[in-house]
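Kindly generate the complete structure, drawing on both the sequences and the hints.
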Amino acid sequence: MNLKAKRARVPQDPRIAFFDHHAPNWDQTGPDPAATLRRLNELAALLVLKPGMDLLEAGCGTGQITSWLVEKTRPGRVVAADFSPLMLAQAKKRGVDADFVLMDICHEKPSKRKFDVVLCFNSFPHFRDKAAALRQIARMLKPSGQLIVLHFTGSEKLNAFHHNVGGPVAHDHLPPVSQWPALLQPAGLQLAQSIDRDDLFFIRALKT
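Note that our numbering has the sequence shown beginning at 10, numbered continuously upward.
Possibly wrong hints are sitting among the right ones.
List of simulated lysine-lysine pairs, BS3-like, C-alpha gap at most 27 Å [unchecked claim]:
1) Lys166 <-> Lys121
2) Lys59 <-> Lys81
3) Lys81 <-> Lys101
4) Lys102 <-> Lys59
5) Lys59 <-> Lys123
6) Lys139 <-> Lys121
7) Lys121 <-> Lys59
8) Lys166 <-> Lys151
9) Lys139 <-> Lys123
10) Lys151 <-> Lys59
11) Lys118 <-> Lys166
12) Lys81 <-> Lys102
13) Lys121 <-> Lys151
14) Lys102 <-> Lys166
15) Lys166 <-> Lys139
No wet-lab data here; the hints were simulated from the structure.
These numbers were taken from a predicted model, which means no experiment stands behind them.
Spelled out as structure tokens, the structure:
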């Protein structure tokens, strides 16, 4: 069953204009797509994605990893969501067999569809209301579902990078591991695994 792609009816977040502006050249000026896929393959055992899982990619950007996720979870379905219309348009151009949805996870009503995994790859810092995002994620997870937050750099280094970029993303911070139990608990999520080092940030949280 496909989800309908609808423009999120929310007050305009300045981050949307930021990512819309960069969308056409993101794959050329942002993280190297080939290097990203190589690193994902190295981390496949950590992610524990299995065939048949239904997965929500929350903040898919230009869809750099969507095809990889489809391959790992088929015959499950991948829903690739983003709040930037132009980022999502770039992702759709890849022709991947996934459902593409324009969604602001901080505000959008949760989908009636439930997921085994919600993956936030390079996206969680950009959720303007992290508590609201976690509540929405928990509502969209199956009873045994898991949230995965993944970055190829640690929180301290990533936060410094966003500060240096400035503009709408200057204060888009990734909370350090020590803050995650308190963030997750009100949403009905429990921290199960965490890594925060220079070359990797990883959170696995389970729906309680």
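Which numbered hints fail: Structure breaks hints 1, 8, 11, 14.
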